[in-house]
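When you get a sec, could you build the whole thing from the sequences and use the hints?
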Amino acid sequence: MAWWRRKKEPLERGKGDQKVSVPRGLWSKCDGCGEITYTDEFVQNLRVCPVCGHHHPMPTHERIAAMIDPETWELLDTELRSGDPLQFEDKKTYKSRIAKAERNAGSGDAFASGIGNIDGVPVSAGFFVFEFMGGSMGSVVGEKVTRVIERGVELKRPVVLFSASGGARMQEGILSLMQMAKTSAARGRLRDAGLPYISVCLHPTTGGVAASFAMLGDIILTEPRALVGFAGPRVIQQTIGQELPEGFQRAEFLLEHGMVDRVVSRLELREHIGALLRLLQNTPRRAEEARP
Amino acid sequence: MTNKVLDFERPILELEGKIRELKLLSAGSEEMASEISKLERKAQQLQKERFAKLSRWEQFQLAKHPDRPYTLDYIGELIDDFVELRGDRAYADDPAIVSGIGRFAGRSIVVMGHQKGRNTKENVYRNFGMARPEGYRKCQRLMRLADQFRLPLLCLIDTTGAYPGIGAEERGQSEAIATSLELMTRLRVPTISVVIGEGGSGGALAIGVTDRILMLEHAVYSVISPRGCASILWKNPEAERTAAEQLRMTAEDLSNLGICDERIPEAVGGAHRGLTVTANAMRTALSRHFDELASMSEEDRLNARYKKYRSIGHLEVAAQTGTPPTDE
Chain A
1 MAWWRRKKEP LERGKGDQKV SVPRGLWSKC DGCGEITYTD EFVQNLRVCP VCGHHHPMPT
61 HERIAAMIDP ETWELLDTEL RSGDPLQFED KKTYKSRIAK AERNAGSGDA FASGIGNIDG
121 VPVSAGFFVF EFMGGSMGSV VGEKVTRVIE RGVELKRPVV LFSASGGARM QEGILSLMQM
181 AKTSAARGRL RDAGLPYISV CLHPTTGGVA ASFAMLGDII LTEPRALVGF AGPRVIQQTI
241 GQELPEGFQR AEFLLEHGMV DRVVSRLELR EHIGALLRLL QNTPRRAEEA RP
Chain B
1001 MTNKVLDFER PILELEGKIR ELKLLSAGSE EMASEISKLE RKAQQLQKER FAKLSRWEQF
1061 QLAKHPDRPY TLDYIGELID DFVELRGDRA YADDPAIVSG IGRFAGRSIV VMGHQKGRNT
1121 KENVYRNFGM ARPEGYRKCQ RLMRLADQFR LPLLCLIDTT GAYPGIGAEE RGQSEAIATS
1181 LELMTRLRVP TISVVIGEGG SGGALAIGVT DRILMLEHAV YSVISPRGCA SILWKNPEAE
1241 RTAAEQLRMT AEDLSNLGIC DERIPEAVGG AHRGLTVTAN AMRTALSRHF DELASMSEED
1301 RLNARYKKYR SIGHLEVAAQ TGTPPTDE
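So the sequences go chain by chain: A and B. Numbering-wise (our numbering), the first sequence opens with residue 1 and increments by one. Numbering-wise (our numbering), the second sequence opens with residue 1001 and increments by one.
Derived from the structure by calculation, the hints contain no laboratory data. Ideal placement from N, C-alpha and C gives every residue a C-beta, glycine not left out. Take every hint as true, because none was put in to throw you off.
FRET-style restraints, in silico, Cβ to Cβ: (1) B:Asp1080 - A:Ala193: 38 to 48 angstroms; (2) A:Gly53 - B:Phe1149: 46 to 56 angstroms; (3) B:Arg1118 - A:Gly247: 33 to 43 angstroms; (4) B:Leu1046 - A:Gln237: 44 to 54 angstroms; (5) B:Tyr1091 - A:Gly53: 33 to 43 angstroms; (6) A:Gln237 - B:Asp1093: 21 to 31 angstroms; (7) B:Ala1090 - A:Gly247: 18 to 28 angstroms; (8) B:Arg1288 - A:Asp31: 56 to 66 angstroms; (9) B:Glu1077 - A:Ala193: 39 to 49 angstroms; (10) A:Ala193 - B:Gln1044: 51 to 61 angstroms.
Here it is, written out as structure tokens:
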């Protein structure tokens, strides 16, 4: 870092910065260090800040493009839609929430499942769509996760799941809770089939998703600073009535407590998964692949 | 007994009190005796009618009534020669869950269940029946033991939820629950869970992935507590009554949703007003289900269990027109 760059917080942050904000879209400001970069470059860099390395949230279509080899992705199970088994209504009806989420997220529900290659390895993969109701798991998500795993067994492919979810979807009540059992049961069958399952817990992975298949990977990876845990920080804070320690439930904390295998930069994640799958399946190293 | 009285219990309890007074006053008078027994029948009838139309919120109150029988009460009624087995062999013993072996109807069985406390001191010890990772890992140990010795497994569910604390997160609450879920789908022995009070989210499900899911008549089972749901969706915890209605969490709801396999009748007025009657009804139901499950082959049972959970969910199919919903 250059000597003239301020070590402390910039003089004006927060409100002040918003006032001088440039037209939306052209420039992007890092949530970590405040550095401003060209949005195009920023997206090119997988929304990782080129200065401080802060990992920003990533739309699911960009995530898929970054993790799956070009031209290999086949999106499946797109016909599945959520019903409204409880006729749930809070401030809005569940039906209207789904309709809105579908428009905003451009996805049929909170999960994209399919087959493709990761760093040359054919896999059955799934991605949570966090933009869709916080990636919450209802019947459709549970079904898609289960299908991804079952498809792995059927096609004899490793399974890779990228989770980002607030947990079970309240609007489907007990049916959402039971998706935890359903997906975990499927996970057991994959184990019996002797196929690898890599679980990537992205920011944030909590509740019923963390407490089921996401924590059942043969290998569990996460990205820097990602929050992964059972209860959300707010719930814990309310329960124990005291401040939570800095970095609590973050990737580095999980690594230290033995809950994940590795914290991997998004820029290396695809190759890392590929290398792990080849190691697990005892297949040769890629020609261009460097030794770890 | 805490003698806590819920609003909807009060009229009946008052009526019963009056009847008791009358009994004392009448002291052996034949005429009065027939009047009194008439009144008693009427009180019973009133109670039945009132309890048949409890709102979901009232059911929820009843499910966590402080006088409601807990796991150890049912173990006392149903299990002979019970020996508690403790500890997860890795970190600690979690008193929020009681587990052990004993005999049910003469046959060895592994039993486990959440255990709430009756008073403050007990509740501190039992952590209000909210288990930490070591509790679930103790259960895993006992589940493996059941599998190894081919003993059926009975799980009694009664918890607000898994404990949300710093230590619980540090020791992997989600991993502990997740591992329990998978393990339960793979056990080769007959497994039954009974929700005896509160079935609270993942902390309940962690001992609930069984061949049969039974519920006591006034028990509830939900993905989230009404209060938690209210504070997230209504942004106001006071909306919990409304949330309780929306969540469809009663035994009747779960039967209608195809999750609960059988509702077990409780004593009139709730299990806390008749433990033995309730436990007897439970015994009958358990025997029947265990017999059914025991008559199946291991493979059939495992396949049936997989299918049971595999088929849960409400799906709709969109008309497939044009481009898929995401652009990759």
